[in-house]
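Peer 1: Next come the chains, spelled out residue by residue.
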Amino acid sequence: MSSTGLVPGVSVEKKLKSSFQVLNKTKSRSRLRYILNNCELYLFLLPVIVHLAIFSYYTIYGVQIAFRDYDPLKGFLGSPWVGLKHMRRFINSPYFFQTLRNTLVLSIYSLAIGFPIPVFMALLLNQMVSQRYKRFVQTVLYAPHFISTVIVVGMLFIFLSPTNGPVNSVIKMFGKEPVYFIGIPELFSSIYVWSGVWQSAGWGMVIYLAALSSVPVELHEAAIIDGATKVQRIRYVDVPTIMPTIVILLILNLGNLISVGFEKVYLMQTALNISTSEIISTYVYKRGLNGGEFSFASAVGLLNNVANLILLIIFNRVARSISETSLW
Amino acid sequence: MKNLFRTKSDKMFDIFNYVFFTIAVIIVIYPLYFIVISSISDPLHVAAGKVVFYPKGFTIEGYEKVMTHDTIPRGYLNSIFYTCLGTFINLLLTLPPGYALSKKDLVFKNQIMVYLVIPMYISGGLIPTYILIKNLDMLDKIWSLLIPGAVSVWNIIIARTFFQSNIPNELWESAMMDGCRHTRFFLSIVLPLSMPLVSVMILFYGIGHWNAWFNALIYIRNRKLFPLQLVLREVLFFNDKNIDFIKDPEELVRRQRLAESIKYASIIVASVPVLMIYPFLQKYFTKGIMVGSLKG
Numbered sequence: 012m013s014s015t016g017l018v019p020g021v022s023v024e025k026k027l028k029s030s031f032q033v034l035n036k037t038k039s040r041s042r043l044r045y046i047l048n049n050c051e052l053y054l055f056l057l058p059v060i061v062h063l064a065i066f067s068y069y070t071i072y073g074v075q076i077a078f079r080d081y082d083p084l085k086g087f088l089g090s091p092w093v094g095l096k097h098m099r100r101f102i103n104s105p106y107f108f109q110t111l112r113n114t115l116v117l118s119i120y121s122l123a124i125g126f127p128i129p130v131f132m133a134l135l136l137n138q139m140v141s142q143r144y145k146r147f148v149q150t151v152l153y154a155p156h157f158i159s160t161v162i163v164v165g166m167l168f169i170f171l172s173p174t175n176g177p178v179n180s181v182i183k184m185f186g187k188e189p190v191y192f193i194g195i196p197e198l199f200s201s202i203y204v205w206s207g208v209w210q211s212a213g214w215g216m217v218i219y220l221a222a223l224s225s226v227p228v229e230l231h232e233a234a235i236i237d238g239a240t241k242v243q244r245i246r247y248v249d250v251p252t253i254m255p256t257i258v259i260l261l262i263l264n265l266g267n268l269i270s271v272g273f274e275k276v277y278l279m280q281t282a283l284n285i286s287t288s289e290i291i292s293t294y295v296y297k298r299g300l301n302g303g304e305f306s307f308a309s310a311v312g313l314l315n316n317v318a319n320l321i322l323l324i325i326f327n328r329v330a331r332s333i334s335e336t337s338l339w
Numbered sequence: 008m009k010n011l012f013r014t015k016s017d018k019m020f021d022i023f024n025y026v027f028f029t030i031a032v033i034i035v036i037y038p039l040y041f042i043v044i045s046s047i048s049d050p051l052h053v054a055a056g057k058v059v060f061y062p063k064g065f066t067i068e069g070y071e072k073v074m075t076h077d078t079i080p081r082g083y084l085n086s087i088f089y090t091c092l093g094t095f096i097n098l099l100l101t102l103p104p105g106y107a108l109s110k111k112d113l114v115f116k117n118q119i120m121v122y123l124v125i126p127m128y129i130s131g132g133l134i135p136t137y138i139l140i141k142n143l144d145m146l147d148k149i150w151s152l153l154i155p156g157a158v159s160v161w162n163i164i165i166a167r168t169f170f171q172s173n174i175p176n177e178l179w180e181s182a183m184m185d186g187c188r189h190t191r192f193f194l195s196i197v198l199p200l201s202m203p204l205v206s207v208m209i210l211f212y213g214i215g216h217w218n219a220w221f222n223a224l225i226y227i228r229n230r231k232l233f234p235l236q237l238v239l240r241e242v243l244f245f246n247d248k249n250i251d252f253i254k255d256p257e258e259l260v261r262r263q264r265l266a267e268s269i270k271y272a273s274i275i276v277a278s279v280p281v282l283m284i285y286p287f288l289q290k291y292f293t294k295g296i297m298v299g300s301l302k303g
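Chains as they are written, first to last, in the working numbering: chain F, 12 to 339; chain B, 8 to 303.
Source of the hints: derived by calculation from the structure; they are not laboratory data. All C-beta atoms, glycine included, are put in the ideal place defined by N, C-alpha and C. Not one of these hints is a red herring.
To list a few chain B residues with every Cβ distance to chain F over 12 Å, as calculated: (1) Tyr-70; (2) His-76; (3) Pro-80; (4) Ser-181; (5) Met-202.
Listed next, with one range per pair, are the computed distances between beta-carbon atoms: (6) F:Lys-96 x B:Gln-118: 32 to 40 Å; (7) F:Gly-303 x B:Ile-125: 24 to 32 Å; (8) F:Ser-332 x B:Val-59: 48 to 56 Å; (9) B:Glu-257 x F:Lys-96: 44 to 52 Å; (10) F:Ser-286 x B:Thr-29: 37 to 45 Å; (11) B:Glu-68 x F:Ile-182: 23 to 31 Å.
If we strip away everything but chain F, and leave its shape as in the complex, we get (with noise of 0.2 Å):
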């Protein structure tokens, strides 16, 4: 093409441009082709476009009743605009520093003590001399990642109950008085992030683990010759190899800082300790599901959701700027 290109009396810019339409041509023609010859595939996909379309898409366009005073009658567009309104009067209330409170201590808590406790029970159990007992350490740790949040707080109410949970039983053994732990504000952070622990530090070995077993073989096998400990080589051959990993799962994970899971807050809840367990999800689902205030309670969601959105921005930045490990 090149050769040909230069025809006296045709200018190359003209000549060019004609060949580039002609390319576009087969192109569409060569994708319209492939689209029918492969129609199965967008079959396939057809499903989900729609769903999304409809369970996502259109919900995301309906957040704008947040700035509106939704009425059912009228519809998403006929309610009348109302601006920021209802953040204002989020913001304004009492709530708005109490819930953002006790999302903030929820989140910092369970983030400090449920993050690096897999890292480091992950580390461990690679060094496990014993295949087999490691593979038995796996299978019951695992194992209350799949037990329902239900039945989780169920026993954690069991545990704890002041008549005759385990709990008390031994307090009392030694003469001391029951403590009602569930009502007593003070320790609700608490109760709720080691329970989370015991639920899912053990689950959340797995990716870990599978990224310690890419470390080669051949740089532990040096590391032993040069008379590295297990300690030393945890130090300077395991971590620096599963690095990416936890730095990618960090600022998934700060990039959640706002959104507290609303279903085991919601039923550890009590009226005795709900100065400290409302959080802005439970807050939202009361005022907006069961107050009916749906635009007020959207409001309040939106601006969680765009909080959120704009950390795990700043995090991912954070992160690719000091590590060069990021999520986009």
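Given chain F, work out where chain B should sit, using these hints.
Peer 2: Chain B alone, transformed into the frame defined by chain F:
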């Protein structure tokens, strides 16, 4: 050779390691074990704190009460139904799309991927979703439990990566030469070669449906449609949470005694299916999930 290089600090480390994980195993197992022995013990002994290491006053009264309970058996059947149908829908909306996206030359692939990934980061939230379900007239219908969460983009991506790295393109090319089309290829070649992925997906989706209660809490009012977890919530939290709603004192005492004896047995009955399947599928965890996600 390994022993030759084992230093004193390594021995200390190994001992620590064994002790640490043995304690961890005990911490995880004991609460579960306690529920098991309490469920077959006399409620009076349990209440007095006498049941610690083994059952006392053997009785299966709790299980009998679970069987004859007015809502648990119904909820159990409902949950089995929701789990089977829901998991099937999930697989239908995960594996074929994952296969389609695993094709390198798929036209509009990038556009479709962007379309799929955006909802992973942005969502409408609780209230707009509720309004949508209401407008679709799905409130109080079983579909409200099965359809809204039917698509998991994350799992589609895992499936895509699994197919990409486990199903060589040459396989498709030779099948195509023989006149095989995508549907046939997917059903008779890709699926049988992807059993680790399929089993992990069944496990995760299945357990997700079995354990779900939140959607039912907001969308279902008809008690006949309640899944097991929602029934359990009433059984387990009656004493601690809903106590102020009952006014009649006699009814209160009767319900309390019933609730106490039924708690342990219902926990066991509800967890058994989950804890039974999971060890069988455990060997696929690393194969199925990890191959998919780490390379993605």
